[in-house]
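Number of protein chains: 2
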Amino acid sequence: MPSTVMEDYLKAIYELQTEYNGARVRTSQIADYLGVTAPTATSMFSTLESNDYVEYEKYNGAVLTEAGEQVALRLVRNHRLLETYLTAKFGYRLSDVHDEADRLEHHISDRLVACLADELDDPTTDPHGAPIPTASLDVPDRPRGNQLSAFAEGKTVVVLEVDDRDDGVLEYLSNRQIVPETALTIESVAPFGMVTVSPVGRDESVPLPADVANLVWGASITNSDREGI
Amino acid sequence: MPSTVMEDYLKAIYELQTEYNGARVRTSQIADYLGVTAPTATSMFSTLESNDYVEYEKYNGAVLTEAGEQVALRLVRNHRLLETYLTAKFGYRLSDVHDEADRLEHHISDRLVACLADELDDPTTDPHGAPIPTASLDVPDRPRGNQLSAFAEGKTVVVLEVDDRDDGVLEYLSNRQIVPETALTIESVAPFGMVTVSPVGRDESVPLPADVANLVWGASITNSDREGI
DNA sequence: GCATGGTGTTAGATGGGGCTAACTATTAAT
DNA sequence: ATTAATAGTTAGCCCCATCTAACACCATGC
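Those sequence lines, one after another, are chains H and V. When you line the first sequence up against UniProt numbering, it's residues 1 to 229, in that order. When you line the second sequence up against UniProt numbering, it's residues 1 to 229, in that order.
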């Protein structure tokens, strides 16, 4: 059984590894991500290695083993189901769910997680649009679309996912009801990356600085072959 | 902020202190209660003391300070509301709720606890019949009645509380639907303390060994002045 | 192809929470 | 009033996760 601290590292490694398409994760990335010093990350990498949760090669980062991935996926599932539950049942906002879920994900039993999933009818995505691993820890593979900055002006786009890394950004977006499922028209894309969008059905222009627009993923629905989404 | 380990000790001290009507709690009691060795308890008592959570006198146990009591009461509230929620919403049995609540009570935010309370309409007792401290951490003072062994044969008694210390006992009782609110007729009280009861409306005799009968508290309803309960 | 900066690791310390072994108070029994 | 038994504490160790300081690797630029 990994400690909750080890769990945090494993989940962080999973997240970075996923973000960079399976690339090895370096100690410094984790140190940054978790806000610890570099030596702390190094030492945890070797602890994880000696518990067979990662394969670690000095000066060259680590990859999760099967066992390590299972631990991480369980946490991701717990986290995303908790977020979904908090949002659905208690009206938590997108920007609020993260911290609560981050604490509880380590301590909730598989049984209670199963209850949450059941109550929610086995959702496949969380409120940010991120996929929820199944009970057997498979990740439903789901198109994420493209970042808003990638679309041409005039396109209509449905939001598929909103990255949950920055609470400030999430708050900005959820205040303007730009959440998964929202349809947006791309009004303009400025050279320095700012995207202005207009939610379909609302007479409003919302400016999204490049940093924000890059955290919002969507799929075009004007001439797309998957209107079904 | 106390660590979760300190929280466990504070809650344990609170529970023993309450059970013994405010008497000082000795290190050995806590060592037993929490399954740690005596020196560990001693050392934690002085840590708690230097953080002003208890007043500790060597060789003479400790009492909670105001601050220590607040910490303990918050945990008790969290614990009991979690138990109530798990039972009410997910069909947990009396014997199952304890562990889940014991882990989560440390990590759930005040906000989420408030949501649970709200969803449950601010219950005043948990599924074992124990009082739930209010949001401002007052303990509603509620008669607990007497242990079943204290009643005369022939009396009809309504169960007010079932002590949650022993999961085996809880399972035995909840399998037989002897839970708070259940009405029982006392069929016999043997000299060695075994009480045989018959749940009102069921044609069944349930034998309760002394150890079990002492964990069930109730009030007589045959000639009582509080049929209202 | 070698110096140099950056990245990463080793060394050594710290604080929390736990343990065993050894010692000291307290209490009870004669 | 002593002493034996029990209860409680101190001493000293360990492991985990963290830190700072010092050192080693590596990938360049020249």
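Hints were generated in silico from the structure; no laboratory data involved. Just to be clear, a hint being listed does not mean it is correct.
[Stated by the list, open to error] Calculated cross-link-like contacts (lysine to aspartate or glutamate; reagent style DMTMM-like; alpha-carbon spacing at most 20 Å):
| hint | chain 1 | residue 1 | chain 2 | residue 2 |
| --- | --- | --- | --- | --- |
| 1 | H | K89 | V | E119 |
| 2 | V | K89 | H | E187 |
| 3 | H | K89 | V | D121 |
| 4 | V | K155 | V | E181 |
| 5 | V | K89 | H | D121 |
| 6 | H | K89 | V | D110 |
| 7 | V | K89 | H | D122 |
| 8 | V | K89 | V | E181 |
| 9 | V | K89 | H | D110 |
| 10 | V | K89 | H | D99 |
| 11 | V | K89 | V | D121 |
| 12 | H | K89 | V | D122 |
| 13 | H | K89 | V | D118 |
| 14 | H | K89 | H | D122 |
| 15 | V | K155 | V | E171 |
We went through each hint and held it up to the structure:
no.	hint	result
1	H:K89 <-> V:E119	holds, 9 Å
2	V:K89 <-> H:E187	violated, 46 Å
3	H:K89 <-> V:D121	holds, 15 Å
4	V:K155 <-> V:E181	holds, 16 Å
5	V:K89 <-> H:D121	holds, 15 Å
6	H:K89 <-> V:D110	holds, 16 Å
7	V:K89 <-> H:D122	holds, 17 Å
8	V:K89 <-> V:E181	holds, 19 Å
9	V:K89 <-> H:D110	holds, 16 Å
10	V:K89 <-> H:D99	violated, 23 Å
11	V:K89 <-> V:D121	holds, 13 Å
12	H:K89 <-> V:D122	holds, 17 Å
13	H:K89 <-> V:D118	holds, 12 Å
14	H:K89 <-> H:D122	holds, 15 Å
15	V:K155 <-> V:E171	violated, 25 Å
Checked against the numbered hints above, the structure breaks hints 2, 10 and 15 and satisfies the rest.
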